[in-house]
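Keeping their order, the protein sequence lines are chains B and D. This note's numbering puts the last residue of the first sequence at 284; the count rises by one with no breaks. This note's numbering puts the last residue of the second sequence at 284; the count rises by one with no breaks.
It does not matter which identical chain is meant; a pair holds if it fits inside one copy or across any two.
Each computed EDC-like pair below joins lysine to aspartate or glutamate, with the alpha-carbon atoms no more than 20 angstroms apart: (1) K241 x E252; (2) K137 x E283; (3) K201 x D267; (4) K156 x E144; (5) K107 x E74; (6) K241 x D258; (7) K241 x E198; (8) K17 x D48; (9) K241 x E203; (10) K201 x D274; (11) K73 x E262; (12) K160 x E27; (13) K73 x D261; (14) K17 x E27; (15) K264 x E198; (16) K280 x E203; (17) K241 x D202; (18) K107 x D61; (19) K157 x D136.
These aren't lab readings, by the way, just hints derived from the structure by calculation.
2 protein chains.
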Amino acid sequence: MKVGIIGTGLIGGSLAKTLRSSKFCSEIIGMDASTSHVQIALDSKLIDRPVTLEELCQEADLILVTIPVNATKELIPALLNQISGTQTVIDFGSTKAGICEAVDNHKNRSSFVAAHPIAGTENTGPTAAIDNLFSDKVCIVCEEERSSDTALKLAKKMFKNLQMRVLYMSAEEHDRHIAYVSHLSHISSFVLGKTVLEIEKDEKNIFNMAGSGFASTVRLAKSNPHMWAPIFAQNSAYLSKALGTYIENLQEFKNFLDSNDEKKMFDLMETTNDIRRVLKGIEK
Amino acid sequence: MKVGIIGTGLIGGSLAKTLRSSKFCSEIIGMDASTSHVQIALDSKLIDRPVTLEELCQEADLILVTIPVNATKELIPALLNQISGTQTVIDFGSTKAGICEAVDNHKNRSSFVAAHPIAGTENTGPTAAIDNLFSDKVCIVCEEERSSDTALKLAKKMFKNLQMRVLYMSAEEHDRHIAYVSHLSHISSFVLGKTVLEIEKDEKNIFNMAGSGFASTVRLAKSNPHMWAPIFAQNSAYLSKALGTYIENLQEFKNFLDSNDEKKMFDLMETTNDIRRVLKGIEK
Numbered sequence: 001m002k003v004g005i006i007g008t009g010l011i012g013g014s015l016a017k018t019l020r021s022s023k024f025c026s027e028i029i030g031m032d033a034s035t036s037h038v039q040i041a042l043d044s045k046l047i048d049r050p051v052t053l054e055e056l057c058q059e060a061d062l063i064l065v066t067i068p069v070n071a072t073k074e075l076i077p078a079l080l081n082q083i084s085g086t087q088t089v090i091d092f093g094s095t096k097a098g099i100c101e102a103v104d105n106h107k108n109r110s111s112f113v114a115a116h117p118i119a120g121t122e123n124t125g126p127t128a129a130i131d132n133l134f135s136d137k138v139c140i141v142c143e144e145e146r147s148s149d150t151a152l153k154l155a156k157k158m159f160k161n162l163q164m165r166v167l168y169m170s171a172e173e174h175d176r177h178i179a180y181v182s183h184l185s186h187i188s189s190f191v192l193g194k195t196v197l198e199i200e201k202d203e204k205n206i207f208n209m210a211g212s213g214f215a216s217t218v219r220l221a222k223s224n225p226h227m228w229a230p231i232f233a234q235n236s237a238y239l240s241k242a243l244g245t246y247i248e249n250l251q252e253f254k255n256f257l258d259s260n261d262e263k264k265m266f267d268l269m270e271t272t273n274d275i276r277r278v279l280k281g282i283e284k
Numbered sequence: 001m002k003v004g005i006i007g008t009g010l011i012g013g014s015l016a017k018t019l020r021s022s023k024f025c026s027e028i029i030g031m032d033a034s035t036s037h038v039q040i041a042l043d044s045k046l047i048d049r050p051v052t053l054e055e056l057c058q059e060a061d062l063i064l065v066t067i068p069v070n071a072t073k074e075l076i077p078a079l080l081n082q083i084s085g086t087q088t089v090i091d092f093g094s095t096k097a098g099i100c101e102a103v104d105n106h107k108n109r110s111s112f113v114a115a116h117p118i119a120g121t122e123n124t125g126p127t128a129a130i131d132n133l134f135s136d137k138v139c140i141v142c143e144e145e146r147s148s149d150t151a152l153k154l155a156k157k158m159f160k161n162l163q164m165r166v167l168y169m170s171a172e173e174h175d176r177h178i179a180y181v182s183h184l185s186h187i188s189s190f191v192l193g194k195t196v197l198e199i200e201k202d203e204k205n206i207f208n209m210a211g212s213g214f215a216s217t218v219r220l221a222k223s224n225p226h227m228w229a230p231i232f233a234q235n236s237a238y239l240s241k242a243l244g245t246y247i248e249n250l251q252e253f254k255n256f257l258d259s260n261d262e263k264k265m266f267d268l269m270e271t272t273n274d275i276r277r278v279l280k281g282i283e284k
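So that you can see chain B by itself, here it is in the shape it has in the complex (with noise of 0.2 angstroms):
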């Protein structure tokens, strides 16, 4: 099996990494926008060889895209538009309705599976990527009713080759619930960021004084705004819904400082240790 693979950035190149390895596939060939970013790809034997989306859409049995999700919602209705009824598209984007809408009356839907891995790091790029980032994680996908037997077998072989759990919802199931574990703490680590980096210009050296809790706290300000803005742009209702809770929940804890009701801070922090139940599953 040929898989063409359409970014060639963490995720992109973490699959092509995989992939090869667990020789799921004979030949890995692939595209990005960044011209650098395929010559790496290529030195770093992540693809066996560059191609045009034209060659990629009449070579590859198998089509992965990996782009950000505003360039995936354009992309894959003309992708649908130039294969045959043998060929497989899989997204991997991390909003899932606008894409699902995008191909919802298109003859070829039944070619595509939509999916999202949850899994990923802070960093991007070919030089990001890494071998089993996808093991023992959640991929989910939507509308698989939407999906032909052949398509979602080859998408479900391909995630059991990753060593991915799979699990399946609806689109706009999956953008509210994200909006809440993923899209929301992207938001609350980039605002902490800010909020700090305003103040560290007028009081130098404050950073002498962030440990490791600070470190996990702002991590996710690392993350790359190409891929991140698209995303918040899509899922803007629900997570605009979640933003305006957090908020709400923060001027709570605001008022409790005013008021020094330490009692009521003390409930909310014991409450929320509950979360230890939840990291248990998630941290390794």
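With chain B fixed as given, assemble chain D onto it according to the hints.
Relative to chain B, chain D alone:
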């Protein structure tokens, strides 16, 4: 030299481990409000012998106070009442102004060194104690001009033994800065945890969709409320200001979301990526 540790939790226990393995002292005596903590500290050889407060004040050359900041503020004046001029007391609390103020006019003020090591984990109790917790970390010493040469020299010798780098600043300066780079991170993390746990009540299985990014951002929500509620209460003025700025910045981001202003979200994130410069010095 005989060291007395008041509070055999994460910080006290980790101090004991390192000071013992580096042969800084000949004996470590200790006490804790929790009898089970004392027993664990004894069984795991963190301390050689459990003592009463009276015995500790009579015997220890160096007294290390590693208990919540509200208890510290009450205890330090009482300790200074009981010790002789040749003994030294060091506290390790995360707030400094309230504690320094409590001993400001004490006749034995010069036997006291106010310190805050930028080291810790989200875990608590003697079982969380780690050797080398303090290695290569910063220790902030406040009002060093109020400590005697003897007390300061001994404190510096110990911090050197722990392989810490010492920074000096006023207690007010410490509390103002630490509000941003430590205390605010804890609130951001606790309230994010609360927000998502509340959603979970209606949306079962939502945490199947959470990944390492979420885990990193809410890690601090595992922290001990007995330690953190008093910290927030003692630093409420500076912390309320920092939290107010954070809320304003989040509200600004929400406005970008609601007006779907992808460009402004992008610019904010791109500017904030500068946090990489800061984190390079902190992350290991």
